[in-house]
Each structure stands twice: as structure tokens, then as C-alpha cells.
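Protein chains: 2
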Amino acid sequence: MSNKLAQALYDFTAVSGNNELSIQEGETLTVINWNVGGGWVEAQNSKGQTGLVPEDYIQVRKNIVIIHILSKIHINCSIDDDEWDDESDDGRSMGGNSWSQTEEGGGRIQRSAAHHSVKISLNKFPVFSKAPNPEVYLLSKHLPKQTDRLPIYMGEVGPVWLYPQSQLDCVVADPKKGSKMYGLKSYIEYQITPNSTNRPVNHRYKHFDWLYERLTEKFGCALPIPSLPDKQVTGRFEDEFIKMRMERLQAWMSRMCRHPVVSNSDVFQLFLTYKDEKDWKEGKRKAEKDETAGVMIFSYMDPEVPDLEPTEVEQRYETYSRFTRSMDDGVKDLHSVSHLHWKRCTGPLQKEYRHIGKALQNLSSVFNTSGYQGEATLTEALMTTGKIYEEIAEIVAGQPKKDLHYLMETNNEYKGLLGCFPDIIGVQKAAIEKVKDADRLVAMNKIAPQDKHNMAKNLSTMSYAFQAEMNHFHSNRIYDYNRVMQFYLQEQVKFYETIAEKLKQALSQYTNL
Amino acid sequence: MSNKLAQALYDFTAVSGNNELSIQEGETLTVINWNVGGGWVEAQNSKGQTGLVPEDYIQVRKNIVIIHILSKIHINCSIDDDEWDDESDDGRSMGGNSWSQTEEGGGRIQRSAAHHSVKISLNKFPVFSKAPNPEVYLLSKHLPKQTDRLPIYMGEVGPVWLYPQSQLDCVVADPKKGSKMYGLKSYIEYQITPNSTNRPVNHRYKHFDWLYERLTEKFGCALPIPSLPDKQVTGRFEDEFIKMRMERLQAWMSRMCRHPVVSNSDVFQLFLTYKDEKDWKEGKRKAEKDETAGVMIFSYMDPEVPDLEPTEVEQRYETYSRFTRSMDDGVKDLHSVSHLHWKRCTGPLQKEYRHIGKALQNLSSVFNTSGYQGEATLTEALMTTGKIYEEIAEIVAGQPKKDLHYLMETNNEYKGLLGCFPDIIGVQKAAIEKVKDADRLVAMNKIAPQDKHNMAKNLSTMSYAFQAEMNHFHSNRIYDYNRVMQFYLQEQVKFYETIAEKLKQALSQYTNL
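Chains as they are written, first to last, in the UniProt record's numbering: chain L, 1 to 513; chain V, 1 to 513.
If you are wondering where the hints come from, they were derived from the structure by calculation, not from laboratory data. A portion of the hints provided could be inaccurate.
Same chains, same names: a pair is fine if it fits in one copy or spans any two.
[Claimed, not checked] DSS-like cross-link-like pairs, simulated, lysine-lysine; straight-line CA separation at most 27 Å: (1) Lys-141 x Lys-332; (2) Lys-177 x Lys-436; (3) Lys-457 x Lys-402; (4) Lys-429 x Lys-494; (5) Lys-436 x Lys-47; (6) Lys-504 x Lys-180; (7) Lys-351 x Lys-415; (8) Lys-177 x Lys-429; (9) Lys-457 x Lys-446; (10) Lys-278 x Lys-402; (11) Lys-275 x Lys-494; (12) Lys-494 x Lys-176; (13) Lys-332 x Lys-358; (14) Lys-141 x Lys-180; (15) Lys-387 x Lys-332; (16) Lys-402 x Lys-47.
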């Protein structure tokens, strides 16, 4: 592994007996194993102590990584680099052909770097984020252009986006290792096939990241754009990691496809359906020049419903704000207990069932030495039982990956989505305050009376957008949790039935009295 | 509770996070809860720290208890005394009638006291026990009297005791609180009904203890007489404790009934079938005068098989010695892992399932506040699932009492039986050494040449007795472990099937997609 250094983002106090490691904010750690599962990694501190820490609590130290990799470039040709040392590298590989590198402007690099320093600490923990100022939009007067307008209708559940007739989806598959710069750099390329064209396109992680940045810039004030699965320095070419990342990119893409506004946007369509290098490059350049960023997205929104009074807006805002906060707590709670349960299953419980298995097998061996006749049935039955308990140990330890994993992944996705809401809510809140302040501004001659009316109208539009988005969120949430809970319970039923079956098998070995 | 003081017999280091308390040998502790189960009690140290300690690691401090109780006698009329302050009290209660007290000779008290100081430290941990000297018996010449002889036959499995046509058993039931000394003293009386007479007799714990002493004195050199369930000072009148003690007295009595030598002895028959007070008293006096103690029991044994050569005796001895030691280790290993598993089920696992249940119910409540239509099915399903996980928590925590308990009780019984073997093996070993030394003793004129022949013959008898006992032990062991494992697995299957059923019930609440 080329590098494993990470920095503790928060204090974490180990629960003793759980193979955990206490860490302090700012402490440098060496990550020994990224693939522990259940949201844990195994790390070593400077004193040489090792143990599990939550992966959310650490951050890979990029500067160290880069220095380390750069120092390697001159001596070694097989380097694990992908996203890390080539932020400005626009070279792409498609169908095995390496494209030529293109140096982009300094602005792009700057923004990208700035974005990164924020991204890790902010997208995951958005508590301290500062919401954009909605004033520019509130005071704007232009009507949506007919082409780019984002209509909002009144549906059965309230305001809703315009949903397409057939829902877009895509399959992320077939991760392939590619290389460029004469084999000096290697990376993983995924094949993405949308159901709209059935024509696969190839993308590296960095292109997903590029897409994420575009979507965040363009829609981030109105729609929750969840973070991509985390970047990772070491172990990027291990099968387990590739599988996991692909699964998460698939989940992310499916969620974006399901969103009527996102999935219909030019940049998202480009990503999924570009025809060739030229098409991609042109589209990319166009997307990067798109000036619709921040609150201005609301200017495209066109609610075909009567305007709301600011007081109504505030009521809705309160409801959603409360809901997303409570759900965030609920999701985190479920997440933490799932974490613990995962660790229990793969740790103490597995050991315990193994130990029970060994103790029974040991007793069987001892009984075998008795020299007493008619012992065979019991010793064989005990041996079988012991072995079955060892099997059960492995079943117990392997189960979380089979079911809890998906519950936790869904939960994690929602943690990510909910993490976007403070920004979205912040914008709504700021807009409400601005409109409340409108009378004073009119009195001070800072805005015209007509502006005040306009602000209220625009606030209504913002609120409808928020409502449409919340309804989208709720409908997806109900679908997702229904599906994942069903899956989880099905697997849990199978799990308990399998163990019961195994034990019945052991039971049948004993003499009926 | 009148008293809870106990002394730590050994060091015990708590595993943190397990709610355990570290204790040091000699430390005084206050026992807070005797009914934790799984071999644990909850105790408090002098610093006020509380936690679980293994009940085997502590000993109730009798002197403190007695002083405490004596000091109470003068001020308080409702005292929990039973076995503790009336070692010499021969008063018995039968059918509610208090018998008059009888002061016995000092010898009895002395022996009894001496016995007690040894009993707690020795019967449970027999490592340092000193085996009786078999010389007296080896040099003896008398043939078994026809009436009291204990024949040993050659059965299919080797030497065996003479088994009765119908096996004796008894039912220990109906524990009743009695009192004497005008209500100053109260005690629990059990009803014991043997299948031979179907006539119930009543006994208090102290009478079981008296029987145990008689059996140990008479047969202890040849047969393992397992200890009675532990004495206990506090909580003796709590239902849970009474139930547990009765269960253990039942197991002890059944084991004694199953033993052809013990069950046929006068003292055991007296205990089970005495007709009235007079009968009991006479029998009791007679039993206490019985001079057959220690190694002299072998003089009643009459193997109807050819004498064994001392070398053959040594071989058998080696086999049994090795077996009982390995089984002791095996049983202790199974016991310790059972302990741990019990504590896991009633501790962290129960908590974890409860927490999962709460997290799901909490999520359901949060979802309920969404204000979104069409939410009801999911929220109800989530609520049901959460409640079912809470039920599962209780099922998991209650399971060890339903199945592991019996496995541990059987295991404990065998731990007790195996604890008797070092004494029995010690006698055998000492006899072998004596016989090896016989030539030297003849040369030194310490014994006659005929004595040497006699010693070898008596050693052969001892060995046959040992073999018969081992065969009895093996046959019981196979029966007991077959039965208890079958029971355990049956209950475990039910346990996993019940959980699977419950989860299916939860699953059925979700919308099929």
C-alpha cells in the first residue's frame, strides 16, 4: 500500500473490550485496514497502539499523500494514483485509448482546491456551513425562459416536480483497470449504461466527482445533492473496495436518475449519453461555463399554482425544518446501533460461538478417551454439534454483510441527503427573513414598493420548490425504507431459519431417549 | 436482607464494559443481588463500586453472619436463620409440628464445625485435599459379611455394581416455610416422595446436609458424593432462590437414588422412608455410630471376578486418572464459555436488540410527523418491527434460563462429581504405592509374606470398586449429556424458530413492491 496516513477529525473515546482505539482531534494515524466493514477502519496511533475507529472520524491527509506519491513518481512506475495527484488532469481513457492531457485555467484549479478543502469537512458535517444569500434572486424579476423552465404542479400530495413518463435509470458495472502515461498511472474505469439509450459510456471516479461538483453548484441551493462515496488512497485496487465503490456509485447514480430535475439537466444527460470525445469535451466546457449557480436556480422554477403568503411559507419551512432535523437524529441513532451490532456480530459473538463449538468438540474428544463402550453416538453427536456451532459463528459474522449492510447503506445515503438540508433550509430561512424585512427596506428607500411584491412572489416560488423537493424526498424515502426493511427482514428470517435448520441437523444425531 | 457480607476467595479481574467488578482475595464485599443467574452475583466493594462477580469466587462470611444474627436475636423476632446459627440444633419440624430440641454431644459439634471449615474450601476446590491412608484396609483380612456386602459383577462394559431391578427415584417438591421457637426461627421444609413407598417425608436443608456428611464419611473414599447446592444466608426465602435450591436438591437426590450402592444404604433409606419421629431419631443415632468410614468401605466390597495383578490395577488407574482430569478441564471450559454467553445474552445483546427496537420505533415516529400522505403503512410496519425487536431482546435475555441453565446445571453437577475424584484417585494411588512397597516391608519384617498377598488381593478389590464406579459414572455421563444436549438443542431450535416467526410477522406488514 502506498500510503495510509490519516488525521483524526474528532475525538473518539474507545469502549474498552471492543477492540477500539481512542483518538484525539488532529492526531496522525496510520490506517492498517480499510475493509473492516460496518463503517470502521483499523488504525494505529503514533504509540503503536492499534484498534478500530469510525471511518467518519478520520480524514486522509492529502498533502502527505501527494508528497509521497510525487516522491515515488521518480523512482517507481506502478503508483496507486487516481484522483489524488491529478486534480487538473483532464486526460480521460475511453475504450482503452488514452486521451491527451489538457491543462485548464488556474480558476478551475483554484475553485477545485477550495471546494475540496470544504467538501470533506462540510458536506459530511454541515452544521457550520453558511447559506448563500437569497437576495439576488428575491429581487430579480425575469420570468423563466420557456426552454429551461422547471415547472411545479399541484399533485395529490401537494406541489410536485414534473416527472417524466418513463423513469431514467442506469447500470454501473464492469470496473476495469486502465492506465495512462505509459503505465505510470493506473485507475479504475466504470461502465455506465442508461436505460434511455442502452449505450454504455465509461467514466472514472474523477468524472463522477466532476459531475457532483456541477450538480452542487447548479442545484445545491434547492435540491439535496448527496456526496459521492469517499475518496480513498490505499486499497483502491482491491476487489472488495472496487465492489463497494461501484455499489455506492450505482446507488448515487440511481438516486440522481430518479430526480426529475437533476436527471433532465444538460450536464447529467451529457454524463450519461455523450457520443464521443469531442461531444464530451464540448459539453464539459459548456457545463463549466453555466452561470446558473446558487440561488439563481430558483429563477427557472415555475409553479403553476397560486402564490403563497409569506406566513404560509414560514409554516411549511418550520415543518420541514423540524422533520429533517428529527430524521437526521433518527437516522444517526439507527446508524450507530447498526454499527455496534455489526461489530458485535463479527467480534465477540463470532468468537463466542466458535468457543462454544470448540468446547463441545473438546468434550467429545475427551469422552472418546473414556475407553467405555457405547460412547460413539454421543461423541459423534457432540462433535457434529461443535462443528455446527463453528459454522454458526461464521454465519453470524457474515450476516451483517448480507443484510445490515444494505440497511446501513440506505441509512448512509439518507444521512448524506439530510446533511444537505441545513443549506437548503438556510436559504429558505434567509429568504423569509429578507421578506419580513421588506417593509423596513421600502421605508428606507432601499427597495421600491414593487420590489416588495416581487420578493413575496419569489419567496413563494422558493417555497414551492422546497415543497416539491420535500414531496420528492418523502416519496423516495417511503419507497427506500419500505424496500430495505423488507429486504433486511427477509434476510434476517432466512438467517434465523438457517441456524434453526443447522441445529436440527445436530439434534438429529443424538439418541432419542 | 439481614446480611450480605462475603469474602473474596480469589482475585478476579473485571472485563470492562461487561458490568463486572474486580475483586482481590480476602476483600470484604456486600452482595446486593444473589439472583443474577448464570453463576454471577452482584456485589459492592468497600469503595462503593458495584458489579458482577462469579459466585464461585466469593464465600459468605459465617462469623460475621453469626455475630450479626446473635446480636439481632435479642432485639428482633423475625430472623432469617436456618443452617447458620443452629449447627447443634436437632429440632425438626414435620407436618407443621415442631419437635423438641435435643442437645447433642460436644463431639458432634466439634466434628461438624471442623467439617464446615474444610467443606467450603475443599469440596469445591479439592486440589489440596489429603487422601486417607489405605493401609488399614490393605492389611485387613476379614471377608465381607453376607448382609452388608457390596457385590461387583462382570458386566458387558466390565466390572459393575449390582443394580436393583427397579430404580429408586424421588420427587422433591412443595417447599413450605415453617417456624419454631415461637416464630423466632423460620426455615424452609421440602417434601420428598420416593417412588418405592410413594409416602412423602419432610426435610429441611440441614437434614440434606446431615445426609451428605454421612454419605461422605461412609462412601467418600470409593464413590464421588457431590456437594449439596451452596448454603446461602440472604435471599433464602425469595421464591427464585427456593425454586433454584429445590431444583438442585432434586438433581442431587436423583443422582444419589440412581447410585446402586448409595441408594441401598441404610442411612439413605432412613432419609427417604422413616416412619415417624422415633424412627428417624433411632436411625439417625445408629447412622452416626456407623464405624464404616474412610477406606474401610472397601472391606464390604466383594468382586465376583478373578483378582487383578497390581500392574493391571496401575494401568486402569492411569486411564481413569487421565480421563477425569481431562473431563474436568473440558467441563470447566464449557462452563466458562456458557457463563460468558449467558452474560452476553442478558447484557449487551439484550440492550442492543432493545436499542434496535427503539431506533426503529423512533424512526417510525419521526416519519409520522412528515405530514406526507400514504405514510401509514410504512410507519405502522416500522413500529411493529421495532416492537418485535424489543420482544426479541426479552426472548434473547430470557433464553439462557430456558436452556443454557440446564446445560450449566448438568455441567456443574459433573464439576462437583469430578471434584471428588482426586480424593478417590489419591486413595487408589496410595494403595498402589503401598503394594509396590510390600516386598521391602516383608524384608524389614514389618509385614508377613501372607500380608503381601492379602494386600494385592485387597488392592484388586479396590480397583474393581473403582472400575465399577467409573462404569457407573460413564453410563450416567452418557445418559446425562445426551439428554441435556438434546434438550438444549431442542430449545435452541425453538428459540431461533420463534425469532424467525416474529420477524416474518413484522415482514408481512410491509407493502410488497
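Status of each hint after checking the structure:
For the homomeric pair Lys-141 and Lys-332, neither the shortest alpha-carbon distance inside one copy (41 Å) nor that between copies (83 Å) is at most 27 Å. Taking the shortest Cα distances, Lys-177 and Lys-436 never come within 27 Å of each other, neither inside one copy (56 Å) nor across copies (79 Å). For the homomeric pair Lys-457 and Lys-402, neither the shortest alpha-carbon distance inside one copy (50 Å) nor that between copies (68 Å) is at most 27 Å. Taking the closest pair of Cα atoms, Lys-429 and Lys-494 never come within 27 Å of each other, the shortest separation being 48 Å inside a single copy and 56 Å across copies.
Proximity of Lys-436 and Lys-47 under a CA criterion of 27 Å is satisfied in neither setting, with 57 Å inside one chain copy and 61 Å between copies. For the identical chains of this complex, Lys-504 and Lys-180 are neighbours neither inside a copy (57 Å) nor across copies (53 Å), given an alpha-carbon limit of 27 Å. Only between protomers do Lys-351 and Lys-415 lie at most 27 Å apart by alpha-carbon distance; the minimum there is 24 Å, versus 32 Å within a single protomer. With identical chains, the CA atoms of Lys-177 and Lys-429 are never at most 27 Å apart, being 46 Å at best within one copy and 72 Å at best between copies.
For the homomeric pair Lys-457 and Lys-446, the shortest alpha-carbon distance inside one copy (18 Å) is at most 27 Å, but the shortest distance between copies (123 Å) is not. In this assembly of identical chains, the alpha carbons of Lys-278 and Lys-402 never lie at most 27 Å apart, being 43 Å within a copy and 72 Å across copies at closest. Proximity of Lys-275 and Lys-494 under a CA criterion of 27 Å is satisfied in neither setting, with 45 Å inside one chain copy and 60 Å between copies. In the homo-oligomer, the alpha carbons of Lys-494 and Lys-176 never lie at most 27 Å apart, since the shortest distance is 34 Å inside one protomer and 48 Å across protomers.
With identical chains, the CA atoms of Lys-332 and Lys-358 are at most 27 Å apart between copies only, with a shortest distance of 13 Å across copies and 38 Å within one. Neither within a single protomer nor between protomers do Lys-141 and Lys-180 lie at most 27 Å apart by alpha-carbon distance, with minima of 50 Å and 100 Å respectively. With identical chains, the CA atoms of Lys-387 and Lys-332 are at most 27 Å apart between copies only, with a shortest distance of 19 Å across copies and 38 Å within one. When the C-alpha separation of Lys-402 and Lys-47 is checked against a cutoff of 27 Å, the pair qualifies neither within a copy, at 36 Å, nor between copies, at 47 Å.
In summary, the numbered hints that this structure violates are 1, 2, 3, 4, 5, 6, 8, 10, 11, 12, 14, 16.
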